[in-house]
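Peer 1: Spelled out from the first residue to the last, the chains are:
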Amino acid sequence: MTGSEPKATPDLARELGLTADEYDRIIKRLGREPTYTELGLFSALWSEHCAYKHSRVFLARLPQTGPHVLQGPGENAGVVDIGDGWAVVFKIESHNHPSFIEPFQGAATGVGGILRDIFTMGARPIALLDSLRFGEPDDPKTRRLIEGVVSGISWYGNCFGCPTVGGEIAFAPEYAGNPLVNVMCVGLVRADRIFRARAEGVGNPVFYVGNKTGRDGIHGATMASSTFDERAEERRPTVQVGDPFTEKLLLEACLELMQTGAVVGIQDMGAAGLACCTSEMPARAGTGMEVELSRVPRREIEMTPYEILLSESQERMLLVVARGREEEVRRVFAKWELDAVEIGQVTGDGDLTVRHHGEIAARLPVKALAEAPRYEKPTAPPPWMAELRAFDPLTLPEPADYEEALLAVLGSPTIGSKEWAFRQYDQQVGINTLVLPGSDAAVLRVKGTRRALAISTDGNGRQVFLHPRRGAAMAVCEAARNVSCAGGRPLGVTDCLNFGSPERPEILWQFAEAIDGLAEACRALDLPVVGGNVSFYNETNGQAVLPTPIVGVVGVLEEAGRAATQWFKGAGHRLALLGPDAVSLGGSEYLWTLHRRLAGALAPLDLGLERRVQSAVQAAIGTELVLSAHDCAEGGLAVAVAEGCVTGRELVGGSVTLPEGARADLTLFGEGPSRVVVSVDPARVLEFEGLMAESAIPWCWIGTTGSERLRVRCGSTTVIDAAIESLEQAWRRGFERHLA
Amino acid sequence: MRFGVVVFPGTWSDCDFHYVVSEVLRQPVKYIWHRDRNLDDVDCVVLPGGFSYGDYLRAGAVAGRSPVVEALGDFVARGGHVLGSCNGFQILCEAGLLPGALMRNECLQYRCQQTHLVVENVETPFTRGLRVGQVLTMPISHGEGKYYADAGALAKLRKNGQIVFRYATAEGQVTRTANPNGSLESIAGVVNEEGTVLGLMPHPERAAEPAMGSTDGLLIFQSLLGSLVEDGSFLKR
Amino acid sequence: MRVRVLVRLKPGILDVQGAAVKRALMGLGFTEVADLRVGKVIEVELDAPTAAQARARADEMCRRLLANPVLEEYTIE
Amino acid sequence: MRVRVLVRLKPGILDVQGAAVKRALMGLGFTEVADLRVGKVIEVELDAPTAAQARARADEMCRRLLANPVLEEYTIE
Ligand SMILES: Nc1ncnc2c1ncn2[C@@H]1O[C@H](COP(=O)(O)OP(=O)(O)O)[C@@H](O)[C@H]1O
Ligand SMILES: [Mg+2]
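Protein chains in written order, with the working numbering: chain V, 2 to 741; chain E, 263 to 499; chain W, 610 to 686; chain A, 610 to 686.
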């Protein structure tokens, strides 16, 4: 069979996505021409997706270590110690392109992939969060995308049995041709029972477990090969289809087997499938591996070695098992009605040897596959940056009616309630979820301890577009601030970097700047980046997405019972605004909603102050001095206060007085970092003031909760006096009205 | 009272029920594998939520024909109690242990949300600690929870008092808008004629601790314990 | 031997999915649609000595698993 | 006029439902099942002057809504 395959040539290499230089490099490294199958291996493992060719040099700038870090980048997911013998495993992944081609299955298999990344580490997944970006929702095509993506996430997560507890959905025209589907997963593991993707121990057997292999998702380049005949149609590579039920069985079987001590190393077959596992696992361990492809369980006939190696069929894993424990593997997987087949063993020769019916289809040093080229391509700031930032939003007319303006911003699809989406997600399975979707961060208890986890994902493409470095730093701050607003102490970060083509200098500049921003903020907040994902080439016809780093932060609360939520808890509570005054309408939701403009400068970011504000909020929540805490993000202070009124189970009004001076739209809707609105029991005002004084942060009282209306004054002028029901309606319908 | 929580391939509320029974109610509990037919050492079998066998074909269809469910017939005949929640309810209907069937939600979407249930019959072991008209708060989480039975079967259910819970407003009003899935007559839970097998779509195990937002789910267990344990621990009516 | 099983909701039962598809088609301008129902088709490849026996087995499959008699009816082709 | 549309997964696409149902049938003793695939049947009642025109419209419905071209293929009967 191998004999009939096409010969490797520079042309074929190019069709498979390798450059002429890369092809030369392969020949030099091997000292010979690669076989067709070998070329396929290189093309997959040296792809941007697997090898991070264009990003690796930049990613190295991120802080990746810290006292709690048990595993940083380099494995399937990062691991952070949370005390009491427990560790939390988390990572975020994108599935943007597949979701655009087939929204339901694309999003579903995105969930499946990130779940596997978590449970290969030995952790039980306890939470999913999804960060989604779409074009404007009044376009019917976008609506279908949203419906498909949300129902795909719902189907996979619900059927598998992991709650979806948070995430975000935002809209901008730049995402119309390239929606973003990023999913984060968090799992729990005993700190001393972490598994890694390493093929240790020469002679240990290698097991293939899980679903059978089909032609799903194989690089389209196979089509170009001359082995294709009249049955080409039948062999066409196909879209990946998810099977959450099999994934659930795979989870239970893997965790059960891990308990026995038989597992030496394990990796999920994600991108580039078997090729990736059989080369990365030995590469990490400094070993080699030999496999016999005819033993791989298949669901289609006449698959070539190339196809078997590169198939991206879902719900599969590769296990390295201690020699002599094979029966245990077979027994556990048989119990869960899954295939588990010994397909090879770990070798000491440093080679990946692939046989098909005994015949060698590929034999390559695993190091060669792992040593993809790294590029540092040129970067250049886009020429339009300066002009865009120079725009002053205050040159636009002031709104005639501020109440209308508030209703419009509160009812914009980006700010409006996302209940339409998350009521389709199981939020509670596992009975850990203390704070459900709808507050700044989700909170999950850790059973058997007093602790809880607070988790949030955030990212604001507009801000990064206008100022990649500061915008990216703000994304870290915002995600961490959300965790702080739930009472959590942020412990670690995972990030998903969604950008256009890195081969364009201005995109790579955005990327490099964003990395520097992430790095600065993470250093200032002592937050190691323990894993993440880069998604380049999010562009269609030269239109790139807004540069969108999504930041996921996990934090810990010492007392689960003290978790805070964002909504007001009743009448008569004092309202305080913590943080700096400086805000800007540049890149704001207000500017977009009312004027359809994306321009202007961002507010300044003081990372030291950010840190102090977050510590103050954590301390206030930890000592139960505040009854609610909500960070000021999109929509500014006015929206933060209005959300305090309308997002809880009971509506609570409020009366707020803000300083005069700036134009009211800037005061109300200006956006800036490091700002939090809290409500305080009047009986504890003195204690609260004491804590604020100690914290050395700017803050002020801004009003009280109560009544059926939200009244906002700037100085002595009443600018908003709205019935809270009308605010609630606007917020509740803001997103949903575009769908059904 | 000894509980057994059944585990099918694809079940996911098993651990939650196990936790509530052992950690909150402090009762003995074990897992029962779906291939087991031996139910001798338990008094109450719980069929938990999840997607048994992926719920492919129809929710609960394949599990409804599994060995453990086949053994439930005898178990019930011997006086055993069965509680099926969510997927467990679907399985009981598919197996014919309860009348009716569960169809796709009328909105054609999955729904995970808090619901209120009004209690209709307090003569069953699962509800004897409750009052008629009492409102319980418990979440649902399902895509196929619309209860259906034909007119004859519904009439019989009504006549026998087999309708135990209906979806209602927080005040106990049975209204169209309080019905989250389009169930006929807002039916959320039914029992067999003897009252020893209860199926309901909501999740009592998710409403069993103050931290989870409601403890009303415990009332079902406490009723059950009161009805079988002679220590008078169950709630006074 | 190949058998085709069609499973449909019984006539009296509201087909919500069918109604939704019909509405969507009307929205796309297919106003001539008078009625629409959605069911399942299950195609089974099975070993059986005769077509009649294959049918008989398929019928048994339907009764035991493939159709829920409370909701559905089936035909074998 | 009545048209029957059958929508099935394209060959090569994993039929998770079919695989699960097949396994379940085997478990119930129907070991003769060699292959099983699950699809949708959509029965449309529509106004059309001729059978050919009804088919043509149904074909358009399939292309615009009833079948997902990335995953599914359809036949009209
Ligand atoms: N933006 C990022 N920030 C930090 N680590 C990253 C980032 N992108 C990728 N990584 C790390 O690089 C490693 C390579 O990712 P890998 O697991 O091969 O890819 P995949 O995302 O397909 O699973 C992983 O450990 C991942 O966490
Ligand atoms: Mg991975």
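In case anyone wonders, no lab produced these hints; they're calculated from the structure. Hints are supplied without guarantee of correctness; some may be wrong.
Stated by the list, open to error - Here are the simulated DSS-like cross-link-like pairs (lysine-lysine), alpha carbons at most 27 Å apart as the crow flies:
id: 1; chain 1: A; residue 1: K619; chain 2: A; residue 2: K649
id: 2; chain 1: V; residue 1: K448; chain 2: V; residue 2: K8
id: 3; chain 1: V; residue 1: K54; chain 2: V; residue 2: K378
id: 4; chain 1: V; residue 1: K213; chain 2: A; residue 2: K619
id: 5; chain 1: W; residue 1: K619; chain 2: E; residue 2: K418
id: 6; chain 1: V; residue 1: K29; chain 2: V; residue 2: K448
id: 7; chain 1: V; residue 1: K368; chain 2: A; residue 2: K619
id: 8; chain 1: V; residue 1: K368; chain 2: V; residue 2: K336
id: 9; chain 1: V; residue 1: K336; chain 2: E; residue 2: K421
id: 10; chain 1: V; residue 1: K368; chain 2: V; residue 2: K378
id: 11; chain 1: W; residue 1: K619; chain 2: E; residue 2: K421
id: 12; chain 1: V; residue 1: K213; chain 2: V; residue 2: K378
id: 13; chain 1: V; residue 1: K368; chain 2: V; residue 2: K54
id: 14; chain 1: V; residue 1: K570; chain 2: A; residue 2: K649
id: 15; chain 1: V; residue 1: K29; chain 2: V; residue 2: K336
id: 16; chain 1: V; residue 1: K29; chain 2: V; residue 2: K8
id: 17; chain 1: A; residue 1: K649; chain 2: W; residue 2: K619
id: 18; chain 1: A; residue 1: K649; chain 2: V; residue 2: K368
id: 19; chain 1: V; residue 1: K54; chain 2: V; residue 2: K8
id: 20; chain 1: E; residue 1: K418; chain 2: V; residue 2: K448
As the list claims (entries may be wrong) - Have a look at the derived ranges for each label pair, beta carbon to beta carbon:
id: 21; chain 1: V; residue 1: R734; chain 2: W; residue 2: P620; range: 37 to 45 Å
id: 22; chain 1: W; residue 1: Q662; chain 2: E; residue 2: D302; range: 36 to 44 Å
id: 23; chain 1: A; residue 1: P678; chain 2: W; residue 2: T640; range: 50 to 58 Å
These numbers were taken from a predicted model, which means no experiment stands behind them. The beta-carbon is built from N, C-alpha and C at its ideal position, and this holds for glycine as well.
Peer 1: Taking the hints in turn, state whether each one holds.
Peer 2: Against the structure, the hints come out as follows:
no.: 1; hint: A:K619 / A:K649; verdict: 13 Å, holds
no.: 2; hint: V:K448 / V:K8; verdict: 58 Å, violated
no.: 3; hint: V:K54 / V:K378; verdict: 10 Å, holds
no.: 4; hint: V:K213 / A:K619; verdict: 17 Å, holds
no.: 5; hint: W:K619 / E:K418; verdict: 20 Å, holds
no.: 6; hint: V:K29 / V:K448; verdict: 55 Å, violated
no.: 7; hint: V:K368 / A:K619; verdict: 39 Å, violated
no.: 8; hint: V:K368 / V:K336; verdict: 37 Å, violated
no.: 9; hint: V:K336 / E:K421; verdict: 44 Å, violated
no.: 10; hint: V:K368 / V:K378; verdict: 24 Å, holds
no.: 11; hint: W:K619 / E:K421; verdict: 25 Å, holds
no.: 12; hint: V:K213 / V:K378; verdict: 40 Å, violated
no.: 13; hint: V:K368 / V:K54; verdict: 16 Å, holds
no.: 14; hint: V:K570 / A:K649; verdict: 50 Å, violated
no.: 15; hint: V:K29 / V:K336; verdict: 48 Å, violated
no.: 16; hint: V:K29 / V:K8; verdict: 17 Å, holds
no.: 17; hint: A:K649 / W:K619; verdict: 16 Å, holds
no.: 18; hint: A:K649 / V:K368; verdict: 49 Å, violated
no.: 19; hint: V:K54 / V:K8; verdict: 26 Å, holds
no.: 20; hint: E:K418 / V:K448; verdict: 44 Å, violated
no.: 21; hint: V:R734 / W:P620: 37 to 45 Å; verdict: 38 Å, holds
no.: 22; hint: W:Q662 / E:D302: 36 to 44 Å; verdict: 41 Å, holds
no.: 23; hint: A:P678 / W:T640: 50 to 58 Å; verdict: 24 Å, violated
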